[in-house]
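Colleague: Residue numbers (the numbering used here), protein chains in the order written: chain A, 1 to 115; chain B, 1 to 111.
Heads up, a few of these hints could be off.
Claimed, not checked - Quick list of the computed label-pair ranges, beta carbon to beta carbon: (1) B:ARG107 x A:PRO52: 29 to 39 Å; (2) A:GLN72 x B:LYS14: 38 to 48 Å; (3) B:GLU59 x A:PRO52: 18 to 28 Å.
None of these hints come from the bench; they were simulated from the model. Yeah, the Cβ is synthetic: ideal placement off N, Cα and C, and Gly gets one too.
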Amino acid sequence: QQQVKQSPQSLIVQKGGIPIINCAYENTAFDYFPWYQQFPGKGPALLIAIRPDVSEKKEGRFTISFNKSAKQFSLHIMDSQPGDSATYFCAAAAYSGAGSYQLTFGKGTKLSVIP
Amino acid sequence: NAGVTQTPKFQVLKTGQSMTLQCAQDMNHNSMYWYRQDPGMGLRLIYYSASEGTTDKGEVPNGYNVSRLNKREFSLRLESAAPSQTSVYFCASVRGDQPQHFGDGTRLSIL
Numbered sequence: 001q002q003q004v005k006q007s008p009q010s011l012i013v014q015k016g017g018i019p020i021i022n023c024a025y026e027n028t029a030f031d032y033f034p035w036y037q038q039f040p041g042k043g044p045a046l047l048i049a050i051r052p053d054v055s056e057k058k059e060g061r062f063t064i065s066f067n068k069s070a071k072q073f074s075l076h077i078m079d080s081q082p083g084d085s086a087t088y089f090c091a092a093a094a095y096s097g098a099g100s101y102q103l104t105f106g107k108g109t110k111l112s113v114i115p
Numbered sequence: 001n002a003g004v005t006q007t008p009k010f011q012v013l014k015t016g017q018s019m020t021l022q023c024a025q026d027m028n029h030n031s032m033y034w035y036r037q038d039p040g041m042g043l044r045l046i047y048y049s050a051s052e053g054t055t056d057k058g059e060v061p062n063g064y065n066v067s068r069l070n071k072r073e074f075s076l077r078l079e080s081a082a083p084s085q086t087s088v089y090f091c092a093s094v095r096g097d098q099p100q101h102f103g104d105g106t107r108l109s110i111l
């Protein structure tokens, strides 16, 4: 069974802090690694994604760092705001045939940003 | 542009009842997916459809059936609901190797 291990399970930071969420995977056949943000009562929404040939990607205040040799990747949120309080999921995508990709998700990190 | 639309948003069933969860996307995506989300478990794939006319099992298919009615619609059916199927169900769609787009879920309780 393919796995993606995510930590921590929950995280509390002060406004302006830099929360870091870590993920590790086992299968080397993954093609890309997306992060999703989920607010209560809503579906997961794509935040940022990275391919394994890139070591870092930034979009606004969100940065993914990727270490291919260690099979690890992480999400950093710069200058965190109370509005960033949500559950964050890392995932890994593997080709499953017929032009389709399957996502394997981590178990999620609940982030709370305190004003 | 509604994206991925799921109906109903909430449902309460009794053990043994059947029901169908509906999903429709208007983004002309080829692939569609059904997940369940349980506390502390992340999202687990139930079934997926790589293209119209094809369906395949995911990680947790037992107790479920699916139908890819056309390119837009992908339904999930519970033939005989069990309390263990109490969960939030999400549908997603995608084209090729792009990240998946999710609906807002169906919250299902089985008593």
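Colleague: Now, for every hint given, state plainly whether the structure supports it.
Modeller: To see whether the hints hold, each was checked on the structure:
The given range of 29 to 39 Å is respected by B:ARG107 and A:PRO52, whose C-beta atoms sit roughly 35 Å from each other. Restraint check, A:GLN72 to B:LYS14: a C-beta distance of roughly 46 Å satisfies the suggested window 38 to 48 Å. For the hinted restraint 18 to 28 Å between B:GLU59 and A:PRO52, the CB-CB distance of approximately 23 Å keeps it satisfied.
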